[in-house]
Amino acid sequence: MDIKKIRSPHLFRSSAARGGRSRDRWGLAFVLPSLAGVLALYVIPYLDVVRRAFVRTMTGEFAGLSNFRQVLGNPAFRLAAVNTAKMMGISVPILVVCSLLLAVPLQKGIPGGRWFKSGLLIPMAVPVASVVLLWQCVFAKQGFLNGLLHLFGIPGTDWMNTGHAFAVLVFSYVWKNLGYSVILWIAALEGIPASIREAARIDGAGEWVIFLRITVPNLFSAFFTITVLSLINSFKVFREAYLVAGDYPDESIYMLQHLFNNWYRNLDVDKMAAGAVLSGAVLLALVSLFWKRWEGK
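Residues are numbered in my numbering as their position in the sequence shown, beginning at 1, plus a constant of 272.
The hints are simulated quantities; they were obtained by calculation from the structure and are not laboratory data.
Careful: at least some of the hints might be erroneous.
To be verified - Once the Cα atoms are required to be at most 35 Å apart in a straight line, the calculated DSBU-like pairs of lysine-lysine come out as: (1) K358 x K448; (2) K413 x K564; (3) K564 x K448; (4) K413 x K508; (5) K564 x K508; (6) K358 x K508; (7) K413 x K389; (8) K380 x K508; (9) K564 x K358; (10) K448 x K389; (11) K380 x K448; (12) K389 x K508; (13) K448 x K508; (14) K358 x K413; (15) K448 x K413; (16) K389 x K358; (17) K564 x K389.
Said to hold, decoys possible - Restraint ranges, calculated between C-beta atoms of paired labels, are given here: (18) W563 x P399: 31 to 39 Å; (19) V559 x R511: 34 to 42 Å; (20) A466 x A439: 17 to 25 Å; (21) T331 x V488: 50 to 58 Å.
For clarity, every value in this text was computed on a predicted model and none was experimentally measured.
By construction, the Cβ of each residue, glycine as well, lies at the ideal position given by its N, Cα and C atoms.
Using the sequences plus the hints, can you model the full thing?
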């Protein structure tokens, strides 16, 4: 037997290549069930929605952009779109900033920090029906908040049927998602080498300078992830508002999801499809723009 042939690097490379292909096949086999589920339950149905946005449901004939013009000319759609954008523009920055300010001291270690982190995660485990019951007990006309204000001689109000409902909705969103964002920030903070901060302290930098010049620049990737997740989660706050106030809540919390739900009940498939495509396109554009802004950083 020729020993040189056995020790030939080409044989080792071919063996490694076969092993790599085998691992790739096994990896593909594990991914295929999930990929098939995503294609069957998300991608293919959404492609059908895109198709329906350009046709008339009853006749199936091509409608061009008429469905989109009909949706954009709908006053209810404009109101829902403005409220949804307002909700995202206010609640997401509040959530991102508050969660970061809480994560920094928790990551450093404060007395009772473990219990505090557990308490922040409790709202995520609370079912939506329980959250709605809590809202009704606190913010109803005869609720706990009005009773507390009455003790100080302040007249109460029906919080969920006035302009105050928007503030309640923002508070509910931040309360429910704060713990999740804090955990993500803490994970990102743990990835920053402690030696960098120690070197800055030796050079005379204070805690505030270290936070602005070292901590924040090292959190850009986490900032992108947390912001995108917060944007997506801001669409889910509709459930609480719908269960509390029904199909037609106060105008300040009339969201796109309320509108889609009402269109679904009326079987306005043309409007639903066009509205869904517009919403998806705007959300995709926001995420892409955000990615471009932070990719270089």
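Going down the list of hints, with the structure as the test:
no.	hint	in the structure
1	K358 x K448	18 Å, holds
2	K413 x K564	47 Å, violated
3	K564 x K448	29 Å, holds
4	K413 x K508	25 Å, holds
5	K564 x K508	25 Å, holds
6	K358 x K508	15 Å, holds
7	K413 x K389	33 Å, holds
8	K380 x K508	32 Å, holds
9	K564 x K358	23 Å, holds
10	K448 x K389	13 Å, holds
11	K380 x K448	24 Å, holds
12	K389 x K508	23 Å, holds
13	K448 x K508	11 Å, holds
14	K358 x K413	26 Å, holds
15	K448 x K413	23 Å, holds
16	K389 x K358	29 Å, holds
17	K564 x K389	33 Å, holds
18	W563 x P399: 31 to 39 Å	34 Å, holds
19	V559 x R511: 34 to 42 Å	22 Å, violated
20	A466 x A439: 17 to 25 Å	40 Å, violated
21	T331 x V488: 50 to 58 Å	56 Å, holds
Violated hints, listed in ascending order, are 2, 19, 20; each of the other numbered hints is respected by the structure.
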